[in-house]
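One line per chain: the protein sequences are A and B, in this order.
This note's numbering applies: residue 1 is where the first sequence begins, and numbers increase by one.
This note's numbering applies: residue 1 is where the second sequence begins, and numbers increase by one.
Watch out, some of these pointers could steer you wrong.
As the list claims (entries may be wrong) - Label pairs and their computed distance ranges (CB to CB):
id	chain 1	residue 1	chain 2	residue 2	range
1	B	A234	A	K71	41 to 51 Å
2	B	R201	A	H106	51 to 61 Å
3	B	K253	A	D128	33 to 43 Å
4	B	A234	A	Q191	55 to 65 Å
5	B	R25	A	K55	45 to 55 Å
Said to hold, decoys possible - Reference listing, derived: stretches of chain B covered by chain A, where coverage requires no fewer than 3 residues with Cβ under 8 Å from a Cβ of chain A:
id	region
6	9 to 17
7	93 to 105
8	203 to 215
To be verified - Listed next, the in silico DSBU-like pairs over lysine-lysine satisfying Cα-Cα at most 30 Å (straight line):
id	chain 1	residue 1	chain 2	residue 2
9	B	K252	A	K103
10	B	K6	A	K210
11	B	K168	A	K55
12	B	K168	A	K9
13	A	K74	B	K253
For the record, the hints were derived by calculation from the structure and aren't laboratory data.
If you're wondering where the values come from, they're calculated on a predicted model, not measured in any experiment.
Beta carbons: idealized from backbone N, C-alpha and C, even for Gly.
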Amino acid sequence: MTKAIQVQKLQKSYKQLQVLNDVNFEVENGSIFALLGSNGAGKTTIVKILTTLLKQDGGTATVNGFDIASKPEKVRQSISLTGQFAAVDEILTGRENIIMIAKLRHLSNPRQIADDLLKRFGLTDAADRRVSTYSGGMHRRLDIAMSLVGTPQLIFLDEPTTGLDPEARLEVWKIIKELADSGTTVLLTTQYLEEAEQLADQIAILHEGKIIANGTLAELKQQFPPAKLEYIEKQPTLEEIFLAIIGKKEDH
Amino acid sequence: METAKKHFFSDMGVMLERSMRHIFRSMDTIITVTIMPIGFMLLFVYVFGGAIQTGTDNYVNYLLPGILLIAIASGISYTAYRLFMDMQRGIFERFHSMPIARSTVLWGHVLSSLVSNAISVVVIIAVALIMGFRSPAGILSWLAVAGILALFTLALSWVAVIAGLSAKTVDGAGAFSYPIIFLPFISSAFVPTESMPSGVRAFAENQPVTSIVEAIRALLSGQPVGNDIWIALAWCIGIMVVAYFFAMRAYKKRV
Ligand SMILES: Nc1ncnc2c1ncn2[C@@H]1O[C@H](COP(=O)(O)OP(=O)(O)OP(=O)(O)O)[C@@H](O)[C@H]1O
Ligand SMILES: [Mg+2]
Chain A
1 MTKAIQVQKL QKSYKQLQVL NDVNFEVENG SIFALLGSNG AGKTTIVKIL TTLLKQDGGT
61 ATVNGFDIAS KPEKVRQSIS LTGQFAAVDE ILTGRENIIM IAKLRHLSNP RQIADDLLKR
121 FGLTDAADRR VSTYSGGMHR RLDIAMSLVG TPQLIFLDEP TTGLDPEARL EVWKIIKELA
181 DSGTTVLLTT QYLEEAEQLA DQIAILHEGK IIANGTLAEL KQQFPPAKLE YIEKQPTLEE
241 IFLAIIGKKE DH
Chain B
1 METAKKHFFS DMGVMLERSM RHIFRSMDTI ITVTIMPIGF MLLFVYVFGG AIQTGTDNYV
61 NYLLPGILLI AIASGISYTA YRLFMDMQRG IFERFHSMPI ARSTVLWGHV LSSLVSNAIS
121 VVVIIAVALI MGFRSPAGIL SWLAVAGILA LFTLALSWVA VIAGLSAKTV DGAGAFSYPI
181 IFLPFISSAF VPTESMPSGV RAFAENQPVT SIVEAIRALL SGQPVGNDIW IALAWCIGIM
241 VVAYFFAMRA YKKRV
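Looking at chain A on its own, in the form it has when it is part of the complex:
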């Protein structure tokens, strides 16, 4: 069984600034993989490279079995991207946005697909309004809906819940869980540790250009056991683990 994503020794610099140093990770088919990192850690850079928007300087990566450098076209056919900043057309209506994407994916019944997705994402009432009149949460839902057109095998979600209120965030979490239940692989980036804790089968922490920890939540908890002195065992939250790792690395 090939992995959904395999990344080896990935490197990327913007001019002098080295962002990715030596990034290695794998994502299982059908799982939710969370990439954690602080602002500027390089999460978006990784997503852009894997979605063929940006070329890496070194290293290799395959997505759904296709090498991103030599088979970008195949990669694009099997993925979809919801970028960090809403990738919707503000001047079109919600319905027109989805129909446009369905046409670009050369699907046979764009109107039907739009009706179904609008309904599923609770946008039916707003379907014929221009997107510029949508709230932040509606933007994000439409954004994700557009990524589901054509049911790609693998979906990239770059900070899907940033800027959403708690209610809208829960809604997006529900959508992501449903996606994974239906067999879609999801790679999401987030700064919210709770989000990774809630959703992810596997969590990787990106720091100073490298993946410094990678595993299931349980594995991460084992690697960084609770403080021994405490009599009542207190499970560390992912947040504590995160800060502990970053702190430790910086001591070296």
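Here the structure of chain A is known, so what remains is to put chain B with the ligands in place on it, guided by the hints.
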């Protein structure tokens, strides 16, 4: 690559449809584009016209070709602006992460520029008719005029694409069109070049606008067009090819 190529025209159609929706949902941009040329037309015909000696009794007939070029030159600044705004937004990244021929994104803008400029040209000709513009030209001559204007628009639209792709600010994206808007003033669009001092005259007679204006004017007045039409076509096609090349290069650099 195969699938992207196979669907090139259908993808381009989708992009054109999107771009046209943008234009029709901001009709004010078309109005803005036509107001300035119409203003110039009124100014030159009713204010300066009496003092300008062109050797024709109908000055509207004389200046209309130049006015149309000014309209197109200012119209394409919106093309640059729209492309610039698109590049800022996430929707472009979505398109680029999809299995479509990437250049269709640019073609959508260029073709819709053709349509929106055609609308402004028609509006301006209608105003000119009210102001007394008359033409004995037959259908073939009109088609030739439409063809030259279309080529001119295509050429400038690709120039606009370069500006839209390489500008750092919104204002920068639109500013490139100012010198182009100005070119008709140093041509035979408003006054015959014979009246100009020799240095200016040499420039005026050898820049693209003069040959384009002369060709259109001859076609519209039913005169023989002579060499001007070939020079005009050569300029348009030349600019288009060069601009297309640099636009694609700028695009490859951006994506
Ligand atoms: N086009 C670019 N040119 C120069 N530097 C860039 C460019 N894009 C990103 N960077 C820099 O690379 C680093 C990583 O950026 P990236 O956007 O990948 O981080 P991120 O983890 O997604 O951050 P955030 O959580 O803020 O979205 C940052 O320091 C950023 O300033
Ligand atoms: Mg980011």
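Practice problem: Quick one: which hint numbers does this structure break? Sort them smallest to largest. | Solution: Hints 5, 8, 10 and 12 are the ones this structure does not satisfy, whereas the remaining hints hold.
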